[in-house]
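Student: Just so you know, the protein sequences line up as chains A and B, in that order.
The numbering of the first sequence is our numbering, which starts it at 94 and goes up by one.
The numbering of the second sequence is our numbering, which starts it at 3 and goes up by one.
It is worth saying that the hints were derived from the structure and are not from the lab.
Note that the Cβ used here is the ideal one computed from N, Cα and C, for glycine as well.
Watch out, some of these pointers could steer you wrong.
[What the hints assert, rightly or not] When the alpha-carbon atoms are kept at most 30 Å apart in a straight line, the in silico DSSO-like pairs for lysine-lysine are as follows:
id	chain 1	residue 1	chain 2	residue 2
1	B	Lys-120	A	Lys-997
2	A	Lys-108	A	Lys-119
3	A	Lys-997	B	Lys-265
4	A	Lys-997	B	Lys-218
5	A	Lys-899	A	Lys-953
6	B	Lys-139	A	Lys-108
7	B	Lys-195	A	Lys-894
8	B	Lys-120	A	Lys-329
9	A	Lys-332	B	Lys-242
[To be verified] Some chain A residues well away from chain B (every beta-carbon gap over 12 Å; in silico):
id	residue
10	Met-519
11	Arg-542
12	Asp-814
13	Trp-897
14	Asn-999
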Amino acid sequence: MVNFIKRDNNDIYSKPIMGFLFKNQKFLLTLKIVVLALFLYALYFGFAHTGKDNTFTYALFWGIFWSLFMVVTLPTFGRIFCGICPHGFMGKYITKYGLQKKMPKWMQNRYIGLFLLVLGWWGIYYMFPGLYRTPLGTATLFTVMTLISFVVYFVYRDMSYCKYICPIGTLTRAYSKLSFTWLGTYKSACNECKTFECATACPYNLKPFTFDSRNSMTDCTLCMDCSSACEAVSFKYKKPSFSLFSKFQTLKAEVWAYILILASIPITMAFHHGIGRSNAAGDMIWSTTAEFFKGYISFGSIDPIGLFAFLYAILFTVSAAVVGMFIAAKILNKNFKDVFYNLGYSYAPLFILGSIAHSLETFFMRGYKQIVEGFGHGFGFDIDVTSLAQRGDSWLHIFDLLKWVAIIWALIILYKRMKLLDADKMRKIIAYPFAASLIIFFLSVNMYRGYIIDTYGRASGGHGSHGAGAMFQSVSKDKATLLQSGKDKGSCIVCGMNLVKFYKTNHAAHLNDTTRQYCSIHCLAEEKNLKKMPLSDLKVVDVKSLKFIDAKSAFYVVGSKKKPTMSEVSKYAFTNEKDAIKFSKRNKGKVLNFDEALKIAMKDFDTPAKRMAKEVSATDIVYFTDKNPAARRGKGGHGGHIHGGSRGEIPSKKVWPVFINNSGRLNCISNIRSELFLLDANLEVTKAKQSRGRDCKTVSFRMPDNGYYNLYYVDGNIQDDTLYMTTAKYEHMRFNHSNDAIYDNENMSAHSIKEVPFDILRVREKGETFYHRLYAGEKVRIKAILNSEPIEGASVTLSTKTGWSKTIKTDKDGIATFVLLKDYFPEWNKFDRRHKNNFLLTATYTQNSAGEYLYEPYKKIKHTTTYPSVYYPNDSAYSSYAYGLLAAIITMLLSGVAIYWYRKRNQQPFKEVRFDEKD
Amino acid sequence: MKKIRDFINRADISKFRFWLQLFFFILFVYGGYFSINLGNSIPVFSCGYDREVGGMCYFLPLQHQLARPLDVLLSAASISVLIGFLTFLLWFIVFNKAWCGYACPLGTMQDWITGLRKRMGINYSTYTQPQFNSLKKIKYLLLALVILAPIGVGLGILGGEWRTAFCEICPGRMITPLFVGDTSQWSLDFSTKSAMVLTTLGLMFTGLFFVGSFVKKRFFCFFCPMSAMHYIFSDAALIKLRKDGDKCTKCGDCYNVCDMQIKDIADDVQSTNILRDDCILCMKCVAACPEDDVLHVDILNMPVFTSTKGGFVKRMQMDDWEKKDD
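Chain A with its partners taken away, still in its complex shape (with noise of 0.2 Å):
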């Protein structure tokens, strides 16, 4: 035994605050007792309170144990969850004043812990989704492993509960190979040792002193009893998962942890809870595997997909191991014994690092607020507190990065474990990429669902069993109240939706003895405002209590962050007023009441969209703007982006045909009776529709390829013996920026159609690339063209959102030359670069022919056309050569000035040093 010891550096005993957290046993002890104590109670509390909420029990195991707690620690500090394990805590008494027997060979077996892991606990969470999940099933569970463990310590000796039957025993035990820490002990002092106290004081009979040479810490559970038995056990700082860079004696029960848990974790999620949300689930094999069987066999309560997910996922996931490990050892001429259990080392990392990015994003998502509010539900407190972050939060995302470093961690220990093996270099190259094989799986996986769901969406419903995608107003149906009768009880009378789906909007009303149910106060105010229907006795549904209140003396929270139906103001109602506040606390909105909401309500029957549809008369310019004019101020302000942005979807671009009335107020059209066209980038016509809306008209198209689309609305009506032939042009070029995009000149300078009489093109000028856009200060050309000839003394007028505006007759050729206007003049500091100057040509020409326009005559034609534009400031409003030439200069003169004097000031004086040869 060692009292003292000069401990290394990177020796965790010897630091103040990991040192006492790790070897102090006095607080190891309270630890232990707290985690237990807090097991015990979490058990009780679990058969106490089995219905949902009950939450401490789930935050308990579910939200701490397993994953977070375990997950996090296990591939980071080690087997640190196995040192404060109340089974572990508890057997170690137990074992003491039990029978101390041998276990029998039959089961030293670490296959049975697996197997309880994989096939016990994973295929049953598939087979029978939520059946653990619930407080209830979750303390039958421990309860009943707690009293196998129990019996099994009583029974027999050196823990062996924990190494062979424990289902994350082989688990824990694997996966701490990549941690950074390292139990082992000073060598110096053991080698002088004979007491062994660490193995006498080590409740496994391990051998501490041991483990450096062994290169293996084999069953250490880090309890730190050796630690307190003797001072020459230290625990250290290591390079991760360096242990599995030199050879030791190889486990095999570990290798297929590796296996079997990346199998039934992250592949059958990837199958099942990936790809089996999109679109495309139906399609995958273990759906058709499960319908086909479907039709011999009655599969209960069983979820067949789930388990044949689970199954295909195994399947899958050995044979990628097993034949690649086999074609490694084949061609390294090896024993493929060897090879396997060697190398497969190299799976750790993949389940383990990717399982901690999805425990630290549900973390940051739900399990913040789950484990502190069900703490708080355990032990009597009311706390509320919001989530960490949201799904969707664009920094979350750093946490997928892990799963790349999982799989280039992977493939280092292959490297490394590859490098050991006795063989050929040139064998072990070619080897390499086939022993990597379940790598490569891993990472096809999780490329194949990204593809899957980029090219078939989503399933609507989307992420059901994590509640992000469910929506908030629904409810299961049981809970909902249908107070009509008749076929049609379960819809909105008026509107005819499912009142189950947007149950917690419900409202209901009497009519003459009838019961009428609504979905949402929207279609209540339309039958008591608007058609003015005698209702009585008006009810809302309590979000609460989910039971119909009376309406007029419920607590409404208006404009919360909750989704709304039929509206775009969420109204969401409550029996207590103390609920309603703390609903808006939590959601933003406001508490208001029934007659509030009501009158609320009633403005989604006069939307802006809906005042501004109006017909267009002969004489209107109409012209595009790809801004929603119904749009309010600052919601939709950024408008005009275009729509499919993400790979695979061909983008396409809505427009707004809008005019101008002569009370000069901007109109959108009800409904467009003028002709579509559309110029693509391949320079074909072809016709566009309307929308099929009821409020303002737009016209959308898709832009499959790079290049100029033109969209045209012509238009002809006679009015006083005139024909006005009204254009409008909305010209976008798409870009997808892609290195092989080729500029051909052809096809990106303007054109006219012959469908289109009048027109005017901005004309290219030399040099335009894919980038072109337009500058404040630059020239644009316009020409115009009617009947695809040029047309001289058209009047063209820019004018620019600012209100500014020039008109100029076209010259012989047809053009009409402006100068872009610099209007932008923003403070300095909220100078935005790509703002965007809005304007538009209009250019009108009277043609003195007469003739016949649909078997209508007219004496002459006047025509019109639009053209709107954005251009942006020129880059000299600013950036500034003379500053930036300043600012060179002056650093360079100050630096050179700065050397000068330096080296003058370190110059030495010539100084002549005679030595007097005499002395």
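With chain A fixed as given, assemble chain B onto it according to the hints.
Tutor: Same frame as chain A, now just chain B:
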């Protein structure tokens, strides 16, 4: 065979280097005029802002790739990052850090400025060893900027002007386009505060570049993040600079000729791989070594350029006039 080897070992490496540098300078700066495009994963500062670039510095595309939204970046788009990186690696492992000493246009410019200084008869400066040790870390900080700033943009933490934050402050952006008559990069951008700070820093560094490389050989290379990036992967390279410490007499000639002031080249007699993160693999040290086979440049473990007594003597005669000015 021996004849060829002797010929190489006695070659005038500085002349060879001068012409090779000129060749690469023209290739990278004016390649566009000859429709040469070696892609955009080149491991030297052949600046992408030069519109006639013959092969683009890897950092510009790397930063653009990393600036994509994180969910895009870490999904299938990571393949394109990987391909770009592998291309970079393939280029790099061929020549190792000789890219710096022989191909980098910005390095070549500094050598030319050094040549000008020599002609003017002005002394050069050096860092003291403590200065050297603390300043050499800057290149890793800049490498962190190259990688983290665009990721910050992808995360939505930083504004769009940080997308190419390193390029904004890199003197190469200002200077390289000058050779094709493009002065547009010499302006200060006032559009946002960070753009203003970054472009100001860029122009200040440009000023420092001229002054610094005038008084200190290869001034900028000392801070170059590309050099840091090279060093991370230099073990995988085919060309190696090796030293046989047993034969070294620690005369210090190699240290004296080293443009980068690497002390290990003379001091370290333990390591065989003597390539350090600041090394530009100009091979001046091999040429200056007066002992047989102490320093040698290997391609795939085959020595191609070795220090020899004969070579040393020959070069001494040639360099005599040059030595006086240095």
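Student: Take the hints in turn and mark each one as holding or not.
Tutor: Structure-based check of each hint:
The straight-line distance between the Cα atoms of Lys-120 of chain B and Lys-997 of chain A is roughly 19 Å, inside the 30 Å bound, and the hint therefore holds. Only pairs whose Cα atoms come within 30 Å are accepted, and Lys-108 of chain A paired with Lys-119 of chain A is accepted, the gap being roughly 17 Å. At roughly 27 Å between alpha-carbon atoms, Lys-997 of chain A and Lys-265 of chain B fall within 30 Å of each other, so this suggested pair holds. Taken as a hint, the Lys-997 of chain A and Lys-218 of chain B pair is honoured in the structure, with Cα atoms around 16 Å apart against an allowance of 30 Å.
Among the hinted pairs, Lys-899 of chain A with Lys-953 of chain A is consistent with the structure: their alpha-carbon atoms are about 26 Å apart, no more than 30 Å. About 28 Å separates the Cα atoms of Lys-139 of chain B and Lys-108 of chain A, which keeps this hinted pair within 30 Å; it holds. At roughly 27 Å between alpha-carbon atoms, Lys-195 of chain B and Lys-894 of chain A fall within 30 Å of each other, so this suggested pair holds. As the CA atoms of Lys-120 of chain B and Lys-329 of chain A are separated by approximately 55 Å, the hinted pair breaks the 30 Å bound.
Annotation: proposed proximity of Lys-332 of chain A to Lys-242 of chain B holds, straight-line Cα distance about 27 Å (limit 30 Å). The beta carbon of Met-519 of chain A is kept farther than 12 Å from every beta carbon of chain B, the shortest such distance being approximately 15 Å. Look at Arg-542 of chain A: its CB is around 10 Å from the nearest CB on chain B, not clear of 12 Å, so calling it non-interface is violated. Separation of Asp-814 of chain A from chain B is adequate, the least Cβ-Cβ distance of about 55 Å exceeding the 12 Å criterion.
A cut-off of 12 Å between C-beta atoms confirms that Trp-897 of chain A is not in contact with chain B; the least separation is 23 Å. A beta-carbon of chain B comes within 12 Å of the beta-carbon of Asn-999 of chain A; the shortest separation is about 10 Å.
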